[in-house]
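Here the protein sequences come in this chain order: A and B. So the first sequence is numbered by the working numbering: it starts at 1 and just counts up by one. So the second sequence is numbered by the working numbering: it starts at 112 and just counts up by one.
Just to be clear, a hint being listed does not mean it is correct.
What the hints assert, rightly or not - These stretches of chain B come out as covered by chain A in the derived footprint (C-beta under 8 Å, 3 or more residues):
1) 142 to 155
2) 187 to 195
Said to hold, decoys possible - Some, not all, of what chain B presents toward chain A, calculated at C-beta under 7 Å:
3) N167
4) L201
5) E215
If you're looking for bench data, these hints aren't it; they were derived computationally from the structure. Because the structure is a prediction, the values reported are computed rather than measured. By construction, the Cβ of each residue, glycine as well, lies at the ideal position given by its N, Cα and C atoms.
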Amino acid sequence: TQLLEQSPQFLSIQEGENLTVYCNSSSVFSSLQWYRQEPGEGPVLLVTVVTGGEVKKLKRLTFQFGDARKDSSLHITAAQPGDTGLYLCAGASEYGNKLVFGAGTILRVKS
Amino acid sequence: KAGVTQTPRYLIKTRGQQVTLSCSPISGHRSVSWYQQTPGQGLQFLFEYFSETQRNKGNFPGRFSGRQFSNSRSEMNVSTLELGDSALYLCASSLVENPLQNTEAFFGQGTRLTVV
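Go ahead and model the full structure; you've got the sequences and the hints to work with.
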């Protein structure tokens, strides 16, 4: 069974601070995705990383895929209140359209 | 382009009843997956359909079933409801046809099911 461990579970920071969310597994994933979910809504895809060692930037968000394709990180620079939400990492299995989700990180950015 | 549409948004059912949830994928997407989201377990994969065939299945009891129609719309059914079935049920559609390709899922807003 493929599992994704996501940390930390909760993060409460002040506006302007930096933060990193981690996603780790003992399994290899063909790709890894990061989603953001707001209350009452479905998750919204932020990015997909495919190649080991890949780094993608989305404005103040930087995503990295580990060399062995077993782990990933999301770094937010100068967090803003609008970044508040549930961040989820999800790994795509080698076969089949099945995503394995981490438990999620609840981020709260205070102004 | 319309997104993934799930109906209804909210449902209240009593134990022992059954329920059917509906999902209309993004136009052109033929893969539809269902997930259950609860505070304790997070997002758990239920099953995935492609071209009216169940292609992948999670570890849920047989009370949970689904189907897909020729227009790619999908339904999931839960029979003999239990209190623990209370959750947000999310549907996601994907353009990917080859299961060996990378999956990017686009989620609906979900159906909030409460079992009392």
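Hints, one by one, checked against the model:
1. 142 to 155: n = 6 at 8 Å, threshold three: holds.
2. 187 to 195: violated (count 0)
3. N167: With Cβ-Cβ at 4 Å, under 7 Å, it holds.
4. L201: OK, holds: L201/B within 7 Å of chain A, min 5 Å.
5. E215: holds (6 Å)
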